[in-house]
Structures are given as structure tokens and as C-alpha cells.
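Produce the entire structure from the sequences given, and follow the hints as far as they go.
Each protein sequence line maps, in turn, to chains X and Z.
So for the first sequence, the working numbering puts the first residue at 1; every next one is plus one.
So for the second sequence, the working numbering puts the first residue at 1; every next one is plus one.
Because the hints were derived from the structure by calculation, they are not lab data.
These figures come from a predicted structure and were not determined experimentally.
All C-beta atoms in this analysis are idealised placements derived from N, C-alpha and C, irrespective of residue type, glycine included.
Computed list of lysine-lysine pairs in DSBU-like fashion (alpha-carbon distance at most 30 Å, straight line):
(1) Z/37 - X/454
(2) X/187 - Z/39
(3) Z/41 - X/454
(4) X/378 - X/222
Some chain X residues well away from chain Z (every beta-carbon gap over 12 Å; in silico):
(5) 3
(6) 6
(7) 12
(8) 126
(9) 140
(10) 237
(11) 241
(12) 258
(13) 277
(14) 281
(15) 332
(16) 467
Each chain, written out:
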Amino acid sequence: MEVLLSSFGILARWDVVAALIIGSVGGVIIGAIPGVGAAVAIAILLPATFIFDPIVGLTALLGIYGSSMYGGAIPAILINTPGTAVNALTTYDGYPMTQRGEGRRALALAYSASFFGGVFAILCLILLSPLLASFAKNFGSREIFLAALLGIVLVIVAHRGQTLIAAAFACFGIWLQTIGLALDYSKTYTFGQSWLSSGVNLIVVVLGLFAISQAFVLLIDKDNSPKAEPMSGSIFQGFKELMQHKRVVTISSSFGVVMGMIPGVGEFTAQFMSYTTARRLSKTPEQFGNGSPEGLIASEAANNAVPPAAMIPLLALGIPGEALTAMMLSVFYVHNVVPGPQLFSGQLDFVVALYIALLILNVLVLVFLLFSTNLLLKIIQIPTRFLGVVVLTLSFVGVYSLRNSVTDCIMAACIGVLGFIMKRLNLPIVPIILGMVLGEIMQNKLRTSMLRVKNPFDMIDRPIAFILFCLILIVLFGHFRRIWMEQKAAKSQ
Amino acid sequence: MNTQTIKTKPGEILFIAAFFLFSAFLLSQLGEQATFKPKGKFFAQPAVWPGISVFGMTLFGGLHLLTRYKHRVGGTGAEFTTWLRALEFVAWFMVYVYAVPKFGYLPCTLLFTTALGFRMGYRKTSTLLWATFAGLMIVFIFKTLLGVKIPGGAIYEYLPDALRNFMIVNF
Numbered sequence: 001m002e003v004l005l006s007s008f009g010i011l012a013r014w015d016v017v018a019a020l021i022i023g024s025v026g027g028v029i030i031g032a033i034p035g036v037g038a039a040v041a042i043a044i045l046l047p048a049t050f051i052f053d054p055i056v057g058l059t060a061l062l063g064i065y066g067s068s069m070y071g072g073a074i075p076a077i078l079i080n081t082p083g084t085a086v087n088a089l090t091t092y093d094g095y096p097m098t099q100r101g102e103g104r105r106a107l108a109l110a111y112s113a114s115f116f117g118g119v120f121a122i123l124c125l126i127l128l129s130p131l132l133a134s135f136a137k138n139f140g141s142r143e144i145f146l147a148a149l150l151g152i153v154l155v156i157v158a159h160r161g162q163t164l165i166a167a168a169f170a171c172f173g174i175w176l177q178t179i180g181l182a183l184d185y186s187k188t189y190t191f192g193q194s195w196l197s198s199g200v201n202l203i204v205v206v207l208g209l210f211a212i213s214q215a216f217v218l219l220i221d222k223d224n225s226p227k228a229e230p231m232s233g234s235i236f237q238g239f240k241e242l243m244q245h246k247r248v249v250t251i252s253s254s255f256g257v258v259m260g261m262i263p264g265v266g267e268f269t270a271q272f273m274s275y276t277t278a279r280r281l282s283k284t285p286e287q288f289g290n291g292s293p294e295g296l297i298a299s300e301a302a303n304n305a306v307p308p309a310a311m312i313p314l315l316a317l318g319i320p321g322e323a324l325t326a327m328m329l330s331v332f333y334v335h336n337v338v339p340g341p342q343l344f345s346g347q348l349d350f351v352v353a354l355y356i357a358l359l360i361l362n363v364l365v366l367v368f369l370l371f372s373t374n375l376l377l378k379i380i381q382i383p384t385r386f387l388g389v390v391v392l393t394l395s396f397v398g399v400y401s402l403r404n405s406v407t408d409c410i411m412a413a414c415i416g417v418l419g420f421i422m423k424r425l426n427l428p429i430v431p432i433i434l435g436m437v438l439g440e441i442m443q444n445k446l447r448t449s450m451l452r453v454k455n456p457f458d459m460i461d462r463p464i465a466f467i468l469f470c471l472i473l474i475v476l477f478g479h480f481r482r483i484w485m486e487q488k489a490a491k492s493q
Numbered sequence: 001m002n003t004q005t006i007k008t009k010p011g012e013i014l015f016i017a018a019f020f021l022f023s024a025f026l027l028s029q030l031g032e033q034a035t036f037k038p039k040g041k042f043f044a045q046p047a048v049w050p051g052i053s054v055f056g057m058t059l060f061g062g063l064h065l066l067t068r069y070k071h072r073v074g075g076t077g078a079e080f081t082t083w084l085r086a087l088e089f090v091a092w093f094m095v096y097v098y099a100v101p102k103f104g105y106l107p108c109t110l111l112f113t114t115a116l117g118f119r120m121g122y123r124k125t126s127t128l129l130w131a132t133f134a135g136l137m138i139v140f141i142f143k144t145l146l147g148v149k150i151p152g153g154a155i156y157e158y159l160p161d162a163l164r165n166f167m168i169v170n171f
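Here you go:
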């Protein structure tokens, strides 16, 4: 109770409230615009949040992260174009419903399922917090090193069909963060260039790979201005209908919570698993993909349950599971707040305050959506090349305001071209960012843990370290077994 | 890996080959560009993590190239031309970067959004005005309201005293 009161105290500030409103409303709008997405917005806003307190900056970024998927469902349902990549599965059942003249019903269901998923995840995590706090205390350097290694392995194997290049890009990310001065002041991969001595900044890479590359994509692709018909009627009935699918929404939200907590897994796997489970349990599985309300509920509830859960490895262990939480980690670092076991056990009120903020933002988003869907339909129709102009202009703010460095801008522009090519080739970008972040964590934690390690087996002589090591082996074994099975099946055909 | 499901995009082999050659070059430079101290502990060596990473880049990049090479498709030239088109916008961006400290954030942004909008094929006055307005709002939100660190333009020095300070602080 004391923790809860203290958490409310942290949030009861005008700037936090303003950040919550701006983040949640802004997130919905950004999510609703196809081709922009939360990653671009967070990358651009990141340096601007550095001037605020961590709670203010994080609340605004969390607002965007948590609410963008609500907005992304609108174009997915009405014009068959997902606003954010994670809303892709929503098009399977949402758009056929619109074609049947049930667009309003589909939106109402998507909003209510998203709300349920988000709130369910937050309540689970608030209840789990004390348990997680005591569990996090058992994580020392070795355990965090192994957890970061597990995170990298999971991110790589999650890119099915692209695991080799995902591994190469994760190594590229690790290499990028080694550039510059080493701890002993020796220079690493600077090639005699003084501007490389200070290393490659994570934010510059993030802005290049996510924002500038996306601006290039929008500017070079054919101009497109999606059309959508205005909606009429109330969308409150979604909750009533949702109650008829209690089992689907609860199972899907649970998948979101569990998958969100595992680094590198995230929304796509949560959605896929909840969708296939819902289809298996459904009395009308043939409707899935043809406008099934259950399918729509499954995908929306699962993807909205992920953001709160994804904060767990970040806050408890300091390990981001995907690109957006990796960006948020830099906000902590800038303010000298070190996420990890100490934060979870020593500043539980701060952690709970973040969860309460997420809870409030879900309510704010729902209220905003209930009254503004038709306004958002107008925003969806902004031409894509016009958006490209805006994103490129905003990218300048992000890069230049970091340290007023032209070198950073040149670097970001070059990385932007790299990201543009990777996006055109459908190659994974996220392993580069996670390689940079987790690579640094692994480097530091391994060095610290080596002081107490006499032989390699000492690394895994504690229970959690041993479990993490076994998990790494299981993940790798499962991956290679799947490849072997696929090859066997291909040969038999 | 199921070879039947491999789909290679035009230009992918070129990109991966370039990545592999870059990685191999970095690996060849490891001895020169990273320090290995004879007496230090292995995992405390400055060269360990750069070594692991460039070795991983070369190994996995090479293996990916090998698995994709036999599935290569045509159209590399056209795809490469599209990549080069991005350089035009890099040039736009860099001109903007160099212009801001000289001519000021507000004038440069208004000009940048409007001119780039024109370059993207928008000819209607209303659309170009929207582009100018977008530029104005970006400056207002980030510089005036949030006070992000963007220096005032050198050109502001020629303004009258009272206006000069106002422009440097807000625009």
C-alpha cells in the first residue's frame, strides 16, 4: 500500500500528466498513419526527452509505445493497411469485416480487445511486482550476462528463415559499440580518425536505422493517399460483444504477457500463438481469415498485452527485449538511473508508477478513440511522400540536438541509407540495435564476473545461471532440430 | 533451413556480398585496429569483443551468402539504381544540416519542407503551404516549446538587439 501511495505521488505532477496525455494521444495518431510507427516516433523524440526527468520522458515514450497499436488497428481494419507492423494480423479478419459492412463493429471489438489486453497485462505485472523484485535480487553479473546472451540468441532465432543474417547483424551491432576508446584508452577500429574516438552513439544509429531510413522509403516509393469512408454509430458495444468471447481474450492477453516478458520474442510471436490457439479452440475455425471476430480479438488483445510485459526484463534486469525498449534504456542511462535488480528492489515505487501510468494511458486512449475515430481517418489520408518530408525534417531535430555535431548527422545519414537498403531487402534491423545494447551489457558483465570465475564451470555454478545456460542450450537445440526437421520434410517431398 | 522456402530479393546477393567483404576487411585489420596485451586476462583484452564480433559478422555473413547465392534472382541493376536515389535525399539532408547554423533553424526549416515538398511533386499552393506550416510547427514544438539544443543561426547576429535574442532563444 505504501508503495502504491508513493507511486501515485511520483505521478501527481502536471508535467507527468501532460506527458501521459501527449504520449497516449500522439501514439494513437502516429500508429494510425501507415509508414510511420512507434519506432520512428520514439527515435525522433528520444533526444528531446533527455531534458526532462526520467519519469516524464519515460511516460511520454511509454505512451507512444503503448498506444500506437490501438491506432494501428484503424487502417488495418478499414483500408487493409496496418498502421504498425504488428497490426498486420488484424487485417486478416478486420478488413473482411469492413467489406461485409461491419467496419464499425470490427473497430469496436479491436478497441475493447486492445484495452482488455493492455489492462490485463498491467494488472498481472502490478501483482507480480513483489515476486519479481525478490527474484531480481538473485541476479548477479553472471546471471545478467547469461540473460543478455539468451536475449541475443532469442532475437536471432526469432527471425525464421533469416537466422544467419540476423546473427551477422547482431555481431555488427556488437562491433559498432566497440568502436572508439577501450577501457585501457587504446583505440579500437578508429583507423586513425579522431571523430571515431568517441565511438558510435546508439541514438545516432537508432535514428538512422528507424527514422531517416523510413523517410527515404516514404520519399522514394510511389505517393499514396489511402481513402477511408467515415464511420457512423456508437462503438461502445464492443465491450458487450467482447464479454461473449471471455476465453479468447483472456488466453490471448496471457500469451501477450508471457511472450512480452521473454526478450526477443515480442508481439509477432504472441499474436501468432494466440491466433492459432483461438482458431483451435473456436467453434467456427473456418471463419478465421475471413472476418472472424474471435481472430480479431486474439490478435489485438495479444499485441496490446506485450508492451507492459516487455518492460519487465528492461526494468528488472536492464535487458531490453526489442528495439523500442532498447531505445527507452538510453533514457535511463542519460539520467543515471540504472535499470536492473537494484531498481526493482530499491525503487519499486518508480516501477509501479510506470505501470500505473500505462494503466491510465490505456483509459485515456480508449476515451480518445471513442470520440475521434473519424478525425483519425482524415490523418490516415496524408500522402506518404508528404510524410517523408516531415519525417526527414524531424530526424534532423533528433540527431542534431543530441550534441550539435555535423559528424553525427553524416553518420546518421549513412546509416539511414543502410537501413533503407535493408528495409527494401526485408532484412532484419532490430538485431543491430540489440547487438549494440546487449553487446555492451555482456561485455561489462562478463568482465565483472570474471573476477570471481576461476574456471568456465564457475560461470554456471549458481541456480539461476545454470537455468539460463540450460535455456540457451534448449533454444539452440530447438532451433537446429527445427531446421533438421524442415530439411527432412523438404527431402521427403 | 528449408531450401524450398528461400526467397531472395533483387539486390540481396550484392548487399550481402558487400557486407561479407566489409566484414572480412575488418577481420583482416583486427591486429592493427584492436589491442591485445600479452600479459592480460583473455576476457579483459580490448581486442576480444571486436574480435568476436567481426569474426561472427564474417562467418554468418559468409554462410548467409552461400545459402542464398544459388537462389539469386535478376534485377540487381534496377535495385541498385533505387539505392542510389536515396543519395539525393542524403544531399538534401546534409545541405539542411550545414545551413541551419548559418541561416537559422526557422528559415532553413520553412525553406527545406517547402522546397522538398515541391521536389516531391506537390504543385498545389495549399499543399506547399501545408508543408511550410509543418516546418513551422516542428520548429515551434521542438525549439520554442521544448527548447531542444539547436544553435541560433549566424544570420541572426544582423538583427536588432531585442529581436536577435528572441530569435536565438526561440527560433
